[in-house]
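2 protein chains.
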Amino acid sequence: MSRAPVAGRASAGPAPGSAGLKPDLQERPVAALPDGSRVRVVIEGLTPEIDAGRFPIKRVSGESVIVEVDAFADGHDRIACVLRHRHEAERDWHETRMQPLVNDRWRGAFTVQRPGRHLYTVQAWVDAFASWRHDLRRRPGDDPDLPPALAAGAQMVEAAAARAGGADARALADAAARIARGAIEARREAALDDALAQLMARYDARRFAADYARELAVVVDRERARCGAWYEFFPRSCSETGHGRLADCMPRLDYAAAMGFDVIYLPPIHPIGRSFRKGRNNTTTPEPGDVGSPWAIGAKEGGHKSVHPELGTLDDFRRFVEAAQARGLEVALDLAFQCAPDHPYVGEHPEWFRHRPDGSIQYAENPPKKYQDIYPFDFETDDWPALWRELKSIVDFWVAENVRIFRVDNPHTKPFPFWEWLIGEVKRVHPDVLFLSEAFTRPKVMHRLAKLGFTQSYTYFTWRNTKHELTAYFTELTTPPGSEYFRPNVWPNTPDILNEFLQFGGRPGFMIRFVLAATLAATYGIYGPAFELLEAEPREPGSEEYRNSEKYEIRRWNLQRPDSLRDFITHVNRIRREHPALHSNASLQFHAIDNEQLICYSKATDDGTDIVLVIVNLDPHHRQSGWLELPLERFCIESDRPYQMHDLLGGARYLWHGARNYVELDPQAPAHLFILRRHLRREQDFDYYM
Amino acid sequence: MSRAPVAGRASAGPAPGSAGLKPDLQERPVAALPDGSRVRVVIEGLTPEIDAGRFPIKRVSGESVIVEVDAFADGHDRIACVLRHRHEAERDWHETRMQPLVNDRWRGAFTVQRPGRHLYTVQAWVDAFASWRHDLRRRPGDDPDLPPALAAGAQMVEAAAARAGGADARALADAAARIARGAIEARREAALDDALAQLMARYDARRFAADYARELAVVVDRERARCGAWYEFFPRSCSETGHGRLADCMPRLDYAAAMGFDVIYLPPIHPIGRSFRKGRNNTTTPEPGDVGSPWAIGAKEGGHKSVHPELGTLDDFRRFVEAAQARGLEVALDLAFQCAPDHPYVGEHPEWFRHRPDGSIQYAENPPKKYQDIYPFDFETDDWPALWRELKSIVDFWVAENVRIFRVDNPHTKPFPFWEWLIGEVKRVHPDVLFLSEAFTRPKVMHRLAKLGFTQSYTYFTWRNTKHELTAYFTELTTPPGSEYFRPNVWPNTPDILNEFLQFGGRPGFMIRFVLAATLAATYGIYGPAFELLEAEPREPGSEEYRNSEKYEIRRWNLQRPDSLRDFITHVNRIRREHPALHSNASLQFHAIDNEQLICYSKATDDGTDIVLVIVNLDPHHRQSGWLELPLERFCIESDRPYQMHDLLGGARYLWHGARNYVELDPQAPAHLFILRRHLRREQDFDYYM
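Taken in order, these protein sequences are the chains called A and B. The opening position of the first sequence corresponds to residue 1 in the numbering used here, with each subsequent residue numbered one higher. The opening position of the second sequence corresponds to residue 1001 in the numbering used here, with each subsequent residue numbered one higher.
Any given hint could be a false lead.
What the hints assert, rightly or not - To give an idea of the chain A side of the interface with chain B (calculated C-beta under 8 Å), a few residues:
1. 74
2. 205
3. 208
4. 380
5. 384
6. 413
7. 417
8. 440
9. 444
10. 642
11. 645
12. 658
Hint data in this document are derived by calculation from the structure and do not stem from the laboratory. Cβ coordinates follow ideal geometry from the N, Cα and C atoms, glycine included.
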């Protein structure tokens, strides 16, 4: 594909109703004659496009955008079609020629690098020279219309010469002369010259060019938006005694880094409210010394821009971020836009909260549930511009402290236009900032949040446990249109969710859910050390809340426990790092296996050099076996050649032949993480696998 | 559904950035804060909508438009959702409440009557009273928040009373008082009163209401746009001797009316060019007396607004139209926007045609094919406004002569914007005018023409002959989104197309193709008498052109031939008229039958009172039999009750039980046209069928 910068400009051709009008017609009203009346090309059905261009698609640096459109004109003229794209800060379009597929469909592609917002659209026009050339090629040698046709072509080439400059202009003028005069067959040969066709394409006047109805946007993020392993922990539990401080967390950072995580996500680190503070296990009767929920933000010590004094100072936080960076870890903060009753905002901006008829402030309620320790903001307040700006200033504050990832708490309880504005404004200045939407709610709401700007989204993964559920859900997550804007960040557990599968599955259950998360999704996270230490007791039967939840109390964790999943996690994270196939979701495919308790899927790089095949036993209690059916063609394996399957988890290597193969998995080692090595055919009589 | 006219108005609420701003904020730029910032409801995913509202959907008078949207707000508030619609000439919206389905999907419907362009859109808002009522219902009796909640509700009802008038205002004020004071349980009961909920819905302030992004259009046509049987013939062949005149056609009109047709479509009736006139069988060497192709329009006697002198005068044409109307027939004319070289336009407006370098006018060419008798218009001419207006004046001329249906010849060789303008302008004044697109071309082009305004479209039916082809094609034609704008008009033959199936299928082949056309599609047509007289000889082997085609010569037809399909056609057309199930395509469903040569499908009215089941033997040479499987549930038949199948073609009645039944069809009577009569269960001991 050629690529050349082209100045952005309006489509050519005189404005309708002006040029060429006879005097008597100019007197009649021309209002009924539409703009673009001589534009003969139609461009429609463009993909990817979200909600008629209302929302951008998403990419990370280095990825490509493959664009398709239906483009056609009346009659049988040939058309030309270009894909145009530019970073929003650039003035000129880059162009690549689109190629025809079948059925009037055209395809083109461009690669994005610079983070930020890029625009793309399509332009097409009737290619007069190509049409003429196509007809010329089909004219018999004795066609009496050959001389006038050649004369018409020579005129076209002359006109292009006038538009060109330098050597190109001379080449075109020469060609025009050769087409205009001489023996018929020599004239035709000159007209059909391929180099001439290329020159003519370059200097096409694009008369009556059609522009696609909309310019579409692609938001380009850095690599971490697509791929990463997250580790969440409560810093206040990081001390041997008393309230842990950020300064106490260095060993925990070492520990997470050693396990191979990329992102450390901290629950809110701000002062915690005292009025209506919740006690252990979410009771409304706290005892002295109960630490309260970090999500009940704000006290006399400060609000969303302050560090909880018992965690340390802002300087301690800065040192924490630096220490994480030094270990290759990035810190993600929690954005929970709500206030404890003693948050400074409540006194300073009572108009930002909803009031009851008696003048008191309405706390959060979803009858019969009550959250007296939380005041939600009233986004319908007349003072909304000040509220919006203040909330954005919280993000700006932490961005200035080198935080570039925010996990947003319950975004679905704040208005959609607010998030679209906030994320857009922050990323306009800092395109490297990532926002994770923690919205466990209805599907349309989750998708809207992703469309309006959230970089990543929590998912229903926790509640998808059977082969059928996992297959349907991850097929949906990894195929367009959803996959164009919704980037899953999957979590087997969170401080709020201890799924039934973990409660009853024992250590194998944790392993199963971990390997699924880490290989089905390029981005996943765990809440630890509860996860690796197999914490599985619910507050009461049927509940998904943890008993003795860290949300309400400090926990001491014995990281050295022999049954810890630490080594298993380390192993899987290492495999993830080493295998680019696992760094994205687009290639995910599920494969048939004749046992409902076994799931099989693969991911591969675009170039096919890295192919990972995962088989998981979904049954935490029993050994399961079955026959799987691999699509050999997809992996470019010839059916009569052996191929090597190297299980990176167990270490074993198998030589497989053909599509059907037997697998068997014990719950104690519930997954194969195979690398597929194709046989390289060589002249020499020994085998290579790549 | 309630329905009340509501004045069109902007959504409520102060403009962003104005009301309630603190002085210090007013000094900061507010440009970055978007409009509609407090609009919390999202409306998306509206259906039906064509290409993001770029094109209208289509209906006929009396049909309904069922609209669905995704609508939701942040948080857990209840929302209200209305469907708004109006004729474009009306100022105020009509509204109907939409009902929630599952997964944040809402549905509403409206019926269209008045022909022309109607608009529809959706409005939704947070329903504060319904949200409050929902919460109130879930509050326990001892909830300490009950009194403040009731006080807040009373305030809402008072505010609504202030917006209402008359008795409603008094009722609301009374309710507010009952909610505000008294015993708690009585207050709650007053608050939860259903009549109050209805009143509150009527006087909802619709604060921060969201309007769907677009107002969409539906073009409403008269009934004939959906359903009709067309008959095409050449008037010049209607005389016993010499060139037939319009005045000679009265017996032919009687004949077509007796067969039960609705529309008479005439090939162009204008003067035919003499220069480069084509001879019999499309030769370029005409003999004296050869009549030429009616599509080579224009001679010294006139052009598109003239009647061929050998057919008669404009008065003769008027009498022809009246005679047709008297027989219940409507006349459709051909619009072929092209000129013979001796058309008056060529001399008067040479700038409307493309010129070769030597100054001569370019005739139609698609090398190596040449059409020297045709000059296409050059729609890229600088004089396009005059050309467009002149072409529209042709339509206006014949509309003034009471022609209301135009079959448009090769619309795909003229620019799309031209047709969109022309059809839009004509229908703006005459919404009863129908345009049939004769575009046998690529699918995207055919669909674009339908989208931009053509009332009906020719189809690929002629080339769809196997069960698989017919099933796939008619499923596509009768399901959204295509069925929202593309109305098929299917023809087993045309003067241009004698399909292979007819060439080799004999009389059974014609019967098969006829019954398929007349029952698969609500609108169909035949080119007669070639069709009913089984004309089957191609110009040469492999050609789809007729030998001795009427396009180039006068034919004499013996309408009394005993093998004529006249009676069969009459019979099928009578069944079509009597059975409303056959008047539309939306209900078409195909049913399983275990023989590839047998096809089975049904159509039913919305209320299920008319159910037609068609079974056709697609093999014109052999008897075929098979077992069919009927979806009894769809037809509301209980599996243990018998039902009657009455074959309207053969006259036989069968009593069937259960889903599986045997059928057998001979090529000489290749179709069953069953009416399905359900058993009515009665107390009495005899059977009724409805």
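Quick rundown of the hints versus the structure:
1. 74: This hint holds: residue 74 of chain A lies near chain B, its Cβ roughly 5 Å from the closest one there, short of 8 Å.
2. 205: violated, 12 Å
3. 208: holds, 7 Å
4. 380: holds, 6 Å
5. 384: holds, 6 Å
6. 413: holds, 5 Å
7. 417: holds, 5 Å
8. 440: violated, 13 Å
9. 444: holds, 4 Å
10. 642: For residue 642 of chain A, the interface hint is violated, since the closest Cβ of chain B sits about 40 Å away, which is over 8 Å.
11. 645: At 40 Å from the nearest chain B Cβ, residue 645 of chain A fails the 8 Å test, so the hint is violated.
12. 658: Check failed: Cβ of residue 658 of chain A comes no nearer than 32 Å to chain B, outside 8 Å.
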